[in-house]
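Asker: Using the sequences and the hints, build the whole thing.
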Amino acid sequence: MYQVNPQNNDKTLANELLTQETKETIESWLAKYPSDQRRSAVIGSLHAAQEQNGGWLSKEIMQAVAQYLEIPAIWVYEAASFYSMFFTKACGKHKVSICTNISCMLNGAEKIVDHAEKSLGIKLGETTEDGQITLVKEEECIAACVGAPAILVDEHYHENVTPEELDKIFKKLGGEK
Amino acid sequence: MSEQKTIPDNMVRIEIDDKEMIVPRGSMVIEAADNNGISIPRFCYHKKLSIAANCRMCMVDVEKVPKPLPACATPVMPDMKVYTKSKRAIDAQRNVMEFLLINHPLDCPVCDQGGECELQDISMGYGRGVSRYQDEKRVAIDEDIGSLISTEMTRCITCTRCVRFLEEISGTDELGGIGRGDRTQIGTMVGRSVDSVMSGNVIDLCPVGALTNKPFRFKARSWEMMSANGISMHDAIGSNLFYHTRKGEILRTVPRDNESLNEAWISDRDRFGVLGQNGDDRILKPMIKQAGVWSEVDWPKAMDFAVKKLQSTSGKDTTVLTGSQSTNEEYFLLSKLFKAMNCDNLDYRLNQSDFSQPHNIPRVDLDLNGVKDNQQIVIIGSNVNHEQPILAHRIRQAWLKNDAQVSVFNAKDYGFRFNIFHNYIANQIEWVKGLGSLAHCVADLTKVKLTGEVGEWIDNQATDENLNHLAKQLINKDNNALFVIGQVANNHPQAGLIKAIVEWLADNTDGKVYEMACGANSVGAEICGVTSNTNAADLINSKSKSFVIYQAENDDFNRMQLAHETFDKADSVVVFSSFADKNMKEVADVILPIGLASEVAGSFFNNFLENQKFKPAANLPKEAKPGWRVLRVLGNMLNVDGFDYDDISEVMAEVDALSTKRKASFQPIEVTHLNVDGLVLHTETAIYDVDMLSRRSNALQETIHASNDCLSLNSSEAEKLKLENAMPVTLIQGDYSVELFINIDESIPTGSVFANKCVGLRSDVLEVEVRGESS
Ligand code: SF4
Ligand code: FES
Ligand code: FES
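Going line by line, the protein sequences match chains W and Z. Each residue of the first sequence is one higher than the last, beginning at 1093 in my numbering. Each residue of the second sequence is one higher than the last, beginning at 167 in my numbering.
Just so you know, these hints were derived from the structure itself, not from any lab. Even for Gly, the Cβ is constructed at its ideal location relative to N, Cα and C.
Dumping the calculated SDA-like pairs for lysine to any residue here, alpha-carbon to alpha-carbon at most 20 Å:
| id | chain 1 | residue 1 | chain 2 | residue 2 |
| --- | --- | --- | --- | --- |
| 1 | W | Lys1215 | W | Met1177 |
| 2 | W | Lys1103 | Z | Gly581 |
| 3 | Z | Lys213 | Z | Leu235 |
| 4 | W | Lys1229 | Z | Glu302 |
| 5 | Z | Lys538 | W | Asn1097 |
| 6 | Z | Lys474 | Z | Met803 |
| 7 | Z | Lys567 | W | Gln1099 |
| 8 | W | Lys1151 | Z | Gly343 |
Computed from the model, here is a short list of chain Z residues facing chain W with C-beta under 7 Å:
| id | residue |
| --- | --- |
| 9 | Gly337 |
| 10 | Asp339 |
| 11 | Gly342 |
| 12 | Ile344 |
| 13 | Met355 |
| 14 | Val356 |
Answerer: Written out as structure tokens, the structure is:
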């Protein structure tokens, strides 16, 4: 079992930064786990915090989550930096992750990456000037190999992607301004 | 078969490399190998940390298992046959080694760890001569994690020993694995420093050169240095150390394993404190002051001068004061010399103010290994984490492993790294009353009353629900109770009362007491007889004509200003010291440069009355001499009998013969009643201000724990006084006043203000006034 070291009960950031809605989501995650395993709620909480914070996790909001969960801040940062669906640097409103793992690579993922980079004028890991689209740096297998090459757009799957389809997607994302 | 029957149930028989051994059931293959002299390469495994099994270096071949297994995470099984050097084992180890080196830079020539690097050693044994890896290597960005530890994270092999140490042992959770896969980097929560007071241990744990000793950076190679045994000069745990020296100079300190004391760890104070040895006010030659002018002279001249000074007053008119950092042999000779001259004015308790309990050896009823067996631990008036970090670690382990419940009576919430069962935090007057209430509850429950004034005082303290709950746990015979008393209690104006209550509490709950000794060797000063019928507070308030100050300075005294004035007025002040600051030079007439404990042979008594002997680790600088030799010569010059020692071993033998029995238990005393209108001051010596050496260690003084000129109070008090963070204020204590800056800190209880003692405060006057800048 996990023994959590005593945390100081400073809740300033949690109170200041987390909206009621985020707190409620965190609570609903906490309710799913035994009370001495609050760390388990970290991923659900980070999703809520990221959504509230405009698509990325600032250092402060990660600390706020840690304070709310009463776990060490470093645990929150570890989880946030581990998963590619969390963004610890400011990024665009929409995230496009192009899978470049083996199946997708064999089915032309590199061409998709090329096309995306050219048409948006940015490299993987960068954000368009208008702050609309971020090309996520290096996405590993997203478990959609049957439909390779596959991409994730704001957590929605698109399979058997072609450059033409990509253009349509970008247009839609850009048009949403 | 008959042989097997003799194996106890909790043991199993295994073979490693055809060597038969009986090992504890449930232990890991690597432990069995280690205990039987079979070496298995490893990086992430450490006997004091949890098992991570993430480096995979310890692969071994186990009979009937189709794949190699990690020895650190494979439990022993009956009749298991393990091969550490079979082809399969060696192949696996070599392959892991190759992977580990993929991202590791080839910068051994400029790496501090070179020559003592586990990666270097093991790659000599298992690595290839030439790397087959052609692609790009990973580069990591370094963080500044403070003044004690250098980081070079590109060298990290992510064994996570440092992460586990800070989580499990220190309890501070300051480092973590950031990122994923081969991009994982060990780091802090963005730009924080690592502030554990045991942080330096990650330097020893790190198997590569990623975390190294910052003050030691680029100073020496391991093969250029000699290693000498040493004993901690800063707290009475008496942690065992190795000093690493080159040409007689101590360049760094590392722990020497001692399972009954410091285990494999040392505190940062023990690791970096000795660096104060090179403080720029180190005295390198004897000095005398004539007509207000200092001059450096040779030893014979200085000794003549000192003898004349000492002879000009009678022993009765001489006062001898010393700190707690000298060896037993020095204390013994100091006491012998001056007592022979009819001097009965000696003391070492410079920082204490209430002397109603007579001179005594601190009461400690258990050893460190026994701490974990107590289910109820009560900390009374102590920042144990700063006073004796190793004791704090042991208490933490009792909480972590044995579910001990720890309660606290303190004037500040120190943020201990264990959960607190009952947290009684109140100002310096109120927490003592709280302790009285606890005693009242115990008295009611046990129907045993303490007589006398203390009993009456206890009776007058209100009982309350929470304390009654704690009292019930304490008197429960299934719970072993332990009462820990620290320096906040020891230097409290009601120290005598506190100790009397604790003594009574322990006796009535069948509990034990651990009274922390001040500094490294105050126990030695007590045993060796630097004691008299007059206490330190009276002595610095006396009209003694002559003062002898032995390895102590202004900051060691409770009443710094008064000490300075008194010395100033005295006819003569003879100083034996390694350092002399401006204050000392103002009042002294002669300064005899003596060696630090790390530079002389001698011994220290620790809190558990172990007499730990040591040899000189470092050369004495310039003309400094061992204190015991100076005292010996002085004894001869003053014609005192029994000073014809040829060797320190003769003095040691006399120290060995001294009694280490506590004189009596705490005494019934008169109760000092404290009454303060308004804010109550809490002042204590900061962790790195405890002695001459730590005050002069720059590395320690640059940490966040160093003392500062802040006046701390909580936000509700600050609001009442209309004070804001960083505002300058004047703090007035009696006729002393000092400029400080407001620091809002919620760990300070209401009705209380906190400041470090080194700003000139005394701990026995609790009434203070805070004046804001009048605009
Ligand atoms: S910094 Fe050192 S101890 Fe920490 S994970 Fe890296 S190699 Fe291991
Ligand atoms: S490799 Fe792209 S989804 Fe699996
Ligand atoms: S020592 Fe066994 S896996 Fe690291």
